Amino acid sequence: MSTAILARPTAGQRLLGLWLACVGFLRLLSQRPVGLVGFIGIVFFLLLAFVAPLFVPFQNDPSLVDIYLTPSQAHPLGTDFQGKDVLNQIVFGGRDILTVAILAALVSTVIAITFGSIAAIVGGRVDSTILAITDVTLTLPKLILLIAVAAILRPTSFVFLAVILGLLQWSSLLRQIRAQVLSLKERDYVEAARSLDLGLFHIVFREILPTMRSYIAIHFIFAMTEAMYAQVFIVILGLVPVSGSNWGIMLYFAQGQGALFFRDSIWYILSPILAITLVQLSLVSFASALEDIFNPRLRGSA
Amino acid sequence: MTTAVAAKDQVRTAMDPRRYLGDTWRHPVARAVVKAFLTIWVTTTLTFFLIRLMPGSPVELKIDELIQTSNGSLSYEDAKAIASGLFAINLNAPLYEQYLSFIWNLLHLDLGNSFLSSGTGVTSIILAVLPWTLFSVGTGLLLSFIVGIGLGLLAAYRRDSLLDRVVSTGGSLISSIPNYLIALMMILFLGVQTHLINFTGMRGAYTSGLQPGFTPAFIGDILYHASLPITIYFLTQIGHWILSMRSATLSALEEDYVTAARARGLSDGRIRTAYVGRNAVLPLVTQLAISVGFIVGGAAIIEQTFAYQGVGLRLLSAVTQRDYPVIQGIVMLTTIAVVVANLAADLLYSKLDPRIGRAGGAAG
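Respectively, the protein sequence lines represent chains A and B. Per the working numbering, residue 1 is the first one in the first sequence, and the count goes up by one each step. Per the working numbering, residue 1 is the first one in the second sequence, and the count goes up by one each step.
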């Protein structure tokens, strides 16, 4: 009997389970049109940023006769101040931004989960120390600090930028995770695991965190939107040494070259603005729909 | 008998310094004050060391600049002598000495002099721009708070109606668009494409040449120049207040005291304001303070976009000029302003909500 409980599912069973979960999830999501649109938007932009560059040739040759062209067959979104195709830049400019957003969200979520659950489970002096540090970081004006830090450290690699962003934004999530773990650790099944002496590691990673899976996923998405906001913020201000091209750098050049004030350049400027805005809107509407589905009572308490 | 025990207990508490300290620490007001000082100390120390650790020191940069502008007629030593005189700061002293004198000066509210215009105190530079940022950010934040709370209350009372869906979905969508992108779109559509707004005329905090004072013309001019930043702060914050107030109201509506008030036959209007609204708004007061920090940071880019002369714009120009004392001073002063706002909110909150004082924990 115990073998029946402990038997691991076969690969086929796992795939089937995953498929059923996906179908059930999409069905739930289809009842929330805004969330569904957000989900489609996220899939679209992920494909655009990570898959489309594999199929489209990269164009980086300036062409001085084609400056600020309005949309045409050859240039569906017009051209920029150097006569480069805007659509091409949009396709190639998403990868870095999304990678940094995901990395930064990963950094902040990992910090928040690790120290939030340690604080909640160990308690006592460890808890109050972690909480005091969190409170201090929570009140810091982070964007001002980000300007100073970026101006001083001049992050040249995007990974470094992501780590800085992640280090600045874990505090509110940590408080929420701590509160969740505090209430979860009083539940019967955690009590049962403790009486079986399964160890701290098992209790955190096998009992408590799986229950918070959807909660963590939602806040991961919100952390992504925050990281994306801060990242484009710092790029537009020109505080990150500019290399390559992404949507933020496009906007930085558009402002620096005065393209903002040319009537014909509207397609060039509007394209990265819309790309960033649509990604943000998709993420937020998807995350709020998830919040609605998984934690109806928690909605807005963040 | 119990009172005697309690009195004895109190005496013991007063006698034992460790327990006394512990009890004070548990007091929310003391905690909030200690937290505030800790935050300020951490930020100041952090900025101090970050600025000293960065590559390309200000002196070296100035020396390079002097040699370049002189077209090679200046030797490195000559340029260095001129630069050291210009900076009037001993950057070669050991780091801890610099740090100690820095803390000492800070306690005297002396934030040093600007590297670029020697003799101009950083404090006076900041005080010249800080009021404009506080004015525009404060107005935008208060407007969004008031309107957002009204709309959130309304949406909660008409849950799942068309109005609720439009208000809460619309609010969350508008707030998820980055504020600097809204600003750019405003310039694009209202300025460049349609010429509805004359953006160049709105630059600065007020029209130069106008006599500052409490005259209607001046106040109108200030509002005119601040109107775009205020609109942006309003738009990017309103969704947050609508959603928070909506969910707070929804949970307040389920409380027993609301049912009790209804049973007592109180009018709907009275229940809405004195019972539901008041209790729902309480937790939002602390959020108000936290968002001050966020908007002041975001103000930098908004002020740059609209050329509004506030702290953010000054910080950015100090960053491009590598004017360290100004960068450091602005980071510290804005932190202090934000921390004081948070402290005020914490104190206000424990005053407004008597449960907090007894529970012995800070809000949230």
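Hints are computed from structural coordinates only; laboratory data are not their basis. Small disclaimer: the values here were computed from a predicted structure and weren't measured. Using N, Cα and C, we set each Cβ at its ideal position, and we do this for glycine too. Where hints are given, some of them may not hold.
[Unchecked claim] Some chain A residues judged to face chain B by a derived CB distance under 8 Å, without partners named: (1) 20; (2) 26; (3) 28; (4) 29; (5) 36; (6) 122; (7) 263; (8) 266; (9) 269; (10) 270; (11) 288.
[Unchecked claim] Below, simulated SDA-like cross-link-like pairs (lysine to any residue); rule was C-alpha separation at most 25 Å, straight line: (12) B/35 to B/286; (13) B/351 to A/132; (14) B/35 to B/351; (15) B/35 to A/129; (16) B/35 to A/128; (17) B/35 to A/9; (18) B/35 to A/136; (19) B/35 to A/130; (20) B/35 to A/22; (21) B/35 to A/53; (22) A/84 to B/193; (23) B/351 to A/136; (24) B/35 to A/111; (25) A/84 to B/187; (26) B/351 to A/111.
[What the hints assert, rightly or not] Derived coverage of chain A by chain B (criterion: at least 3 residues anywhere in the stretch with Cβ under 8 Å from a Cβ of chain B; other residues may be distant): (27) 134–143; (28) 206–217.
Structure-based check of each hint:
This hint is violated: residue 20 of chain A has a C-beta 30 Å from the nearest C-beta of chain B, more than the 8 Å allowed. For residue 26 of chain A, the suggested interface contact is broken, since its CB lies about 21 Å from the closest CB of chain B, more than 8 Å. Checking residue 28 of chain A against chain B by beta carbon gives a least distance of about 18 Å; that is not within 8 Å, so the hint is violated. This hint is violated: residue 29 of chain A has a C-beta 16 Å from the nearest C-beta of chain B, more than the 8 Å allowed.
For residue 36 of chain A, the interface hint is violated, the least distance from its beta-carbon to any beta-carbon of chain B being 13 Å, above 8 Å. For residue 122 of chain A, the interface hint is violated, the least distance from its beta-carbon to any beta-carbon of chain B being 18 Å, above 8 Å. Nearest Cβ of chain B to the Cβ of residue 263 of chain A: about 6 Å, under the 8 Å cut. The hint holds. A least Cβ separation of about 6 Å between residue 266 of chain A and chain B falls short of the 8 Å threshold, and the interface hint therefore holds.
Restraint check, residue 269 of chain A versus chain B: the minimum CB separation of about 6 Å is within 8 Å; hint holds. Given the 8 Å rule on beta carbons, the hint for residue 270 of chain A holds: about 7 Å separates it from the nearest Cβ of chain B. Annotation: interface hint on residue 288 of chain A holds; nearest CB of chain B at approximately 6 Å, less than 8 Å. Distance check on the hinted pair: residue 35 of chain B and residue 286 of chain B sit about 15 Å apart at the alpha-carbon level, within 25 Å; holds.
A C-alpha spacing of about 22 Å is found between residue 351 of chain B and residue 132 of chain A, which places the hinted pair at or below 25 Å, so the restraint holds. Straight-line distance between C-alpha atoms of residue 35 of chain B and residue 351 of chain B comes to about 18 Å, which keeps the hinted pair within the 25 Å bound. For the suggested pair residue 35 of chain B and residue 129 of chain A, the alpha carbons sit about 12 Å apart, so the restraint of at most 25 Å is met. The straight-line distance between the Cα atoms of residue 35 of chain B and residue 128 of chain A is roughly 12 Å, inside the 25 Å bound, and the hint therefore holds.
A threshold of 25 Å between alpha carbons decides the hint, and for residue 35 of chain B with residue 9 of chain A the separation of about 51 Å lies outside it, so the pair is violated. With a C-alpha separation of about 7 Å, the suggested pair residue 35 of chain B and residue 136 of chain A falls inside the 25 Å cut-off, and the hint holds. Under the criterion of a C-alpha separation no larger than 25 Å, the hint pairing residue 35 of chain B with residue 130 of chain A is consistent with the structure, at around 13 Å. Taking the CA atoms of residue 35 of chain B and residue 22 of chain A, the gap is about 46 Å. The hint is violated against a cut of 25 Å.
For the hint pairing residue 35 of chain B with residue 53 of chain A, the CA-to-CA distance comes to about 49 Å; that exceeds 25 Å, so the pair is violated. Between the alpha carbons of residue 84 of chain A and residue 193 of chain B the distance comes to roughly 23 Å, so the proposed pair stays at or under 25 Å and holds. About 22 Å separates the Cα atoms of residue 351 of chain B and residue 136 of chain A, which keeps this hinted pair within 25 Å; it holds. This hinted pair checks out: residue 35 of chain B and residue 111 of chain A have alpha carbons roughly 21 Å apart, not beyond 25 Å.
For the given pair, residue 84 of chain A sits about 24 Å from residue 187 of chain B by alpha-carbon distance, which is consistent with the 25 Å threshold. A C-alpha spacing of about 34 Å is found between residue 351 of chain B and residue 111 of chain A, which places the hinted pair above 25 Å, so the restraint is violated. Counting residues of the segment 134–143 of chain A whose beta carbon lies closer than 8 Å to any beta carbon of chain B gives 8, which meets the minimum of three for the stated coverage. Requiring three or more residues with a Cβ within less than 8 Å of a Cβ of chain B, the coverage given for the segment 206–217 of chain A is violated, as only 0 such residues are present.
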